[in-house]
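Construct all of the structure, not just a fragment, from the sequences and the given hints.
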Amino acid sequence: MCGESSSVDDNVCSEWHLKLTTLLKNYEPRNVFNTDETALFFKCLPDKTFTFKEEKCHGGTHSKDRLTILLEVNMDGSEKLTPLIGKAAKPRCLKGIRSFPVTYRSNKKAWMTTELFNEWLVSLNEDMKEQERKILLFLDNCTVHNNLPHL
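Heads up: the sequence shown runs through residues 63 to 213, numbered per the working numbering.
Be aware that one or more of the hints could be misleading.
Said to hold, decoys possible - Capping the alpha-carbon separation at 25 Å, the derived lysine to any residue pairs in SDA-like fashion look like this:
(1) K196 / E99
(2) K126 / A150
(3) K87 / N203
(4) K142 / F103
(5) K142 / T176
(6) K152 / P163
(7) K149 / K196
(8) K105 / C155
(9) K191 / M137
(10) K105 / T144
(11) K142 / R128
(12) K142 / V206
(13) K191 / N136
(14) K81 / D98
(15) K170 / A151
(16) K105 / N136
(17) K170 / R154
(18) K191 / E177
(19) K87 / L133
(20) K87 / C155
(21) K170 / N208
(22) K81 / D71
(23) K157 / L146
(24) K149 / L183
(25) K149 / N169
(26) K152 / Y166
(27) K157 / F103
(28) K196 / F103
(29) K142 / I197
What the hints assert, rightly or not - Ranges of calculated distance between the beta carbons of each label pair, as one might list FRET restraints:
(30) L86 / R160: 38 to 46 Å
(31) T84 / S140: 19 to 27 Å
(32) C204 / N88: 33 to 41 Å
(33) Y166 / D138: 21 to 29 Å
(34) N88 / R154: 45 to 53 Å
(35) R154 / P91: 37 to 45 Å
(36) N88 / T165: 25 to 33 Å
(37) Y166 / K87: 35 to 43 Å
Hints were generated in silico from the structure; no laboratory data involved.
Values in this document were obtained by computation on a predicted structure and should not be read as measured data.
Beta carbons are placed, not taken as given, at the ideal position from N, Cα and C, and that holds for glycine.
Next comes the structure, spelled out in structure tokens:
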């Protein structure tokens, strides 16, 4: 569900809390990650404005120019990884930049797709294997997270 809420059984919440507490005991805080994506509408103007009574105010449309940012942070805050998704395959603003602190990918709508998410997840898994780390990764139930590769 996106932007909706529904009732939750209190017993289920209590059980989950106990399971979570037990699960977290097996991991150091640096190995517990939470991941979620968000949209950054970087050309959006405010949708409300102050005017005088006599002034006419004309409406407009909202810009749909966006970036999608995948925020991945571990429990102790020591690691923050931020893959970025835009529309342009080779953005002019990045021309000539040799070092960029995020992983940039693109697609037509600048959305997170199953393919991009799986690419990121496999890369994360490889990085953790190289460091000989086992991590606990929390994800929401977004549809692009449903078809995960076997890791």
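Inset, instruction - Enumerate the violated hints, using their earlier numbering and listing them in ascending order. - result: Result: hints 7, 16, 20, 28, 32 break, sorted rising.
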